[in-house]
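Whole structure, please, built from the sequences with the hints as guidance.
Below are the chains, spelled out letter by letter.
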Amino acid sequence: MTATADTIRETVPPEPGGRPAGRAVALRIGPASARFRWRSVVVPVVALVVVVLLGAVALGRGDYPIGVTDVLRTLAGAGEQSQRFIVLELRAPRVVVGVLVGLALGVAGALFQTFARNPLASPDILGITSGASVGAVVAIVVSGTSSAGAVLGGLGVPLAALAGALGAGLLLFLLAFRSGVDGYRLVLVGVAVSSIALAVVDWLLTRAAIYDAAAAYVWIVGSLNARTWDQAVPLALALAVLVPLALAAGRVLGVLQFGDDTARGLGVRLSAAQAAVVLVAVVLVAAAVSAAGPITFVALVVPQIAVRLAGGSRPPLLASGLIGAALVVVADLLTRTVLPQALPVGILTATVGAPYLLWLLVRGRRTTA
Amino acid sequence: MTTSTPAAPPLTAPTSDGRVRLAAEGLRLAYDDRVVVDGLDLTLTDGSFTAIVGPNGCGKSTLLRALGRLMRPAAGQVLLDGRAIQKTPTRDVARVLGLLPQTPIAPAGLTVADLVTRGRHPHQSWLRQWSAEDEAVVAEALTWTDMTDLADRPVDELSGGQRQRAWISMALAQGTDLILLDEPTTYLDLSHQIDVLELVARLHAERGRTVVVVLHDLNLAARYAHRLVAMRDGVLVASGTPHEVLTEQLLADVFDLEARVVPDPVAGTPMVVPVRRLHR
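Chains F and A, in that order, are what the protein sequence lines are. Under the UniProt record's numbering, the first residue of the first sequence is numbered 1, with each subsequent residue one higher. Under the UniProt record's numbering, the first residue of the second sequence is numbered 1, with each subsequent residue one higher.
FYI, nobody ran anything at the bench for these hints, they're computed from the structure. Be careful, since some hints might not be right.
Here are the in silico distance ranges between beta carbons for each label pair [claimed, not checked]:
1. A/Ala267 to F/Arg39: 41 to 51 Å
2. F/Leu175 to A/Tyr31: 17 to 27 Å
3. A/Ser159 to F/Pro234: 47 to 57 Å
4. A/Leu278 to F/Leu358: 55 to 65 Å
5. A/Asp149 to F/Tyr356: 14 to 24 Å
6. F/Ala199 to A/Val237: 18 to 28 Å
7. A/Val262 to F/Pro31: 34 to 44 Å
8. A/Ser159 to F/Ala192: 49 to 59 Å
Ideal Cβ placement from N, Cα and C applies to all residues, glycine included.
And the structure:
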């Protein structure tokens, strides 16, 4: 993924905006009040239903197919012992991890894109997922040969990936932060961080033993194979904290979109707000990547789909998360059932996402020319 | 939606009791090492309408940013109602002082109503995101700026003049009694410049707002503002009524311009007729 300064500068729309979506309605209960549009409520509700149905289908698919009704019966606590084992122990963790990873990536992508006012600002481009790859590959490849590798290897691949993602996020933040974070600067610094991280990954792979390299490669692509509750539970706990934080940031995001001066003029503590948004987004991505590897393009594509469906001036956070969950579950389902070979899910999201990125760039050039 | 006036913000007549609302004391403003404004003192009284004028790069926009707490002074301080503005929480400032940057950005797809609604941000909390008062103030701001018909249109599809009205509507909804505007007429044709400045003048006259505006056009500044502040090279050169400030000598000193100053045939305010540029 190479993006030069010019292509980024010329990528229009510079804001991840969409179309207005009808009149806003007021909701007031006691001291609480809110303003919303029906479309912004309907879209996440429909997305949630879709995620549940897809999840049920995904739980039934595999070497031993189980019908959707049986799946739902099993989930409700009934059903045969063998089906319970297959659904709850073998398949459920995979589906749950897929849902949670999609949710995290969708929400993080919406945070980044709104904050940077740039649809290119996604964790893939910004180097956070590449940072996670460095951590994971170090843990896989050099755990026996160096002290740093031994430390990371001791953590296990998921924690090493988490450390790598957080490290890249910190580097990104330090380099892009200058009494506030400029979105354009963030993307440029992110491209640089990403290039460095990918170079390190390549270097490590060329030095690795062939067996380690193969294992590392599967991880780098991003896969939901052989997930267990050991991955699902920590991820669920992390999201239980992070997603409410992200939603709470939504109110400030709407004002941050106006640019630094207007946001400050409206009483936003700019540096604190920006730091909080970036931090929540980075940790969301780190949590997702440590559970399933860097499933690329989800965070890039999903917020743009969500804003087109729900309307409004910025990608809706919850809808982005739920559409992200649906996308990951569908992609995983397709790789397991339709495609002749069982591919890692990240390959499918990349093949769908890369043309989308090209379309974004081509369209940007045309409108600015 | 009727056009009845809600309770807040109160419709007050301009009160010029001479109370100082905003003051700069020994202000030095710098971008890194480049000093843009140095040793500047300025007081702005309640209910005043001040225009800051000066040649390009004289530091007038920088001064406005510092007055609005967008910039930390290298030395000296800005006082808002007698209190150091840098030590006042942003949110408290935003309830008293509203600010319109030179070319504000509205994200694509944002409607006029959304934009004006965001003006209520300093008055809202996570729980209280859209109170009845917010709704009334926004509706009133839209009506007052004649933007109600355009309320559901995306801001990025409006003409330059309409867009500026929308932003002024947002500043009105913010409900601050001080409003700072940085060149609100930039990129507008003459009739829309007049339109915007009439609106700003009404903010002052009808809504009792204390207004500070950075303006390029001296004749329009003289016509609308009650006080002019002329700057050159980061220094305050003159301050007073348009008649006191806009003299042929000052135009030579500040703008390197040889000019005649004649009474504006419409308003009687001083009108600058340029003769030629002075080279020094």
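Return the numbers of the hints above that this structure violates; sort them in rising order. 5, 6, 7 and 8
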